[in-house]
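Below are the chains, spelled out letter by letter.
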Amino acid sequence: MSWFTRKQPSLTPDSEEGERKVKTEGLWLKCEGCGQVIWRKGLEENLWLCEKCGYHFKVDAVTRLKQLFDDGDFTEHDAALVSTDPLGFADSKPYGRRLTENRASTGLPDAVICATGRILGRPVEACAMELKFVGGSMGAVVGEKITRAIERAIVARSPVVIVSASGGARMQEGAISLMQMAKVSSALMRLDEAKLPYISILTDPTTGGVTASYAMLGDLNIAEPGALIGFAGPRVIEQAIRQKLPAGFQRSEFLLQHGFLDAVVKRPDLRQYLAQSFDFFCGKYA
Amino acid sequence: MSTSPTLPAATSFDAWARVQLARHPKRPHALDYIQKLIPGFQEIHGDRCFGDDAAIICGFGLLRERPVMVIGQQKGRDTKQKLVRNFGMPKPEGYRKAMRAMALAEKFGRPVVALLDTPGAYPGLDAEERGQAEAIAYNLREMARLRVPVVSVVIGEGGSGGALALGVANRVYMLENAVYSVISPESCAAIIWRDAKNAERAAAALRITAPDLKALGLIDGIVPEPGEGAHEEPDAATFHLSAVLDKVLGELAAMSADELVRDRYEKFRRMGNFFQE
Ligand SMILES: [Zn+2]
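Chains A and B, in that order, give the protein sequences.
For the first sequence, my numbering gives the first residue as 1, with consecutive numbering after it.
For the second sequence, my numbering gives the first residue as 287, with consecutive numbering after it.
Honestly, the hints are just simulated from the structure, not real lab data.
Wrong hints could be hidden among the right ones.
[Unchecked claim] Pairwise CB distance ranges (calculated): (1) A:P246 - B:I477: 22 to 30 Å; (2) A:V37 - B:A389: 53 to 61 Å; (3) B:D364 - A:V155: 51 to 59 Å.
Nothing here was measured: the structure is a model prediction, and the numbers come from that model.
All residues carry an ideal CB built from backbone N, CA and C; glycine is no exception.
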């Protein structure tokens, strides 16, 4: 596949430690899977997969959409939507300032990008969440943008893909965030009634109110290898049951085994998987 | 698009006092209301898949002559009952039982009344293994599709997604001293200030009281409580709840199935329009 070797735009690794490394060491990154030090450019050309152990580095929302769509081309929607900080929330810093800082550091208006593009020729509405924007949390903007994407798909009669990467509902918007779970799930009810396919791609990590709403509501729910997926986070569970969690608990392979995923799909195979599924669901056959 | 709403001035004392009332050891629980609202209440059990979750009660009967399916999140009163009810924290089988009961109500054209009272969905190993997130998500989407009237009332703690999984209703009410929140004040404080002792501050910041949610347009109305709270006069609290349910079910009974589904969709579609373009 030509897209496999196509050069990807740069991505910022997810941990603060990683960011510092990029600045100081620049061209080299350490694999969290096998510990090997990898040449950054090589990683970019390999869709941010470790060649040695297959570890999936996290990718940002823009990179994700470029990887998914034909020729990396897409048209973004609702990019101007920003939160009004309805509660006037302040924790260690005012929420308004937190938003401004996150916009500056990610270059994004909020924690999701919604776009129209093509996957192996077929028009698709896709949403990709940005973990770096307030932990990929869902507030009113994320809820509204994804709802609009679903509504656009219903009008255009096209399939929907949502790539989740999120810590859940956004605390700083209180119960408004909570209600976005119901809003997006209701929109998915309409998509379902319209008999249009929705494939949910869960990536590392997807937890809380995002898992407990649209991320688990795909006609197919698939995940990248090794992704943390759950309702409660591992630390919360460990506190509740007062014991350590077994290795691999809440990882993609665990969910597959327990019947909550249709497949664990490696990043280089995602486009083919989506295209083949959409062909089955809504392709024309004699 | 609307800008910031005018919220009632909330002091941390006010929000925290209501959290205490919502969790008051003598506060009426779902069954206390159900037994008074519905004489001869007939409970139904099990999710037909794994088990019967005692943290959620389902059943039916007549509420002021009107047949209703009732779903209630149930906390225990004494230590033994608390354990049996898992402190009101449902597991996936509880949500699936509730959905089965709601589907049953829909099949026979009966309205659904849900009483919400949970600290949250159970965050445990077994609940995760059996798909807590999937169970909640499924209820959100399937409740949106129900072709019968659905009324939800937060009677105590509306704990995040664990409560919302029974909350996609045509009308959502809160008892005067109930709270409804995306995260518990303790967990919020632990995240922000690395200290659960700041729960009081967090409760105020999160805007979790009934007047707050009403001002934000997230609930339809507030059910008054007697005296210092529902626990002081449970009969009077039940009477207020009964009156509101009777009125609302009467209004919804006049709507067609299509109208009910559209009404519920549009209600949540508008919810939380706090953004600018
Ligand atoms: Zn590696």
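Verification of the hints:
1. The beta-carbon spacing between P246 of chain A and I477 of chain B, approximately 25 Å, falls within the hinted interval of 22 to 30 Å.
2. At about 55 Å, the beta-carbon gap between V37 of chain A and A389 of chain B stays in the expected band of 53 to 61 Å.
3. Taken as a hint, the range 51 to 59 Å holds for the pair D364 of chain B and V155 of chain A, whose Cβ atoms sit roughly 56 Å apart.
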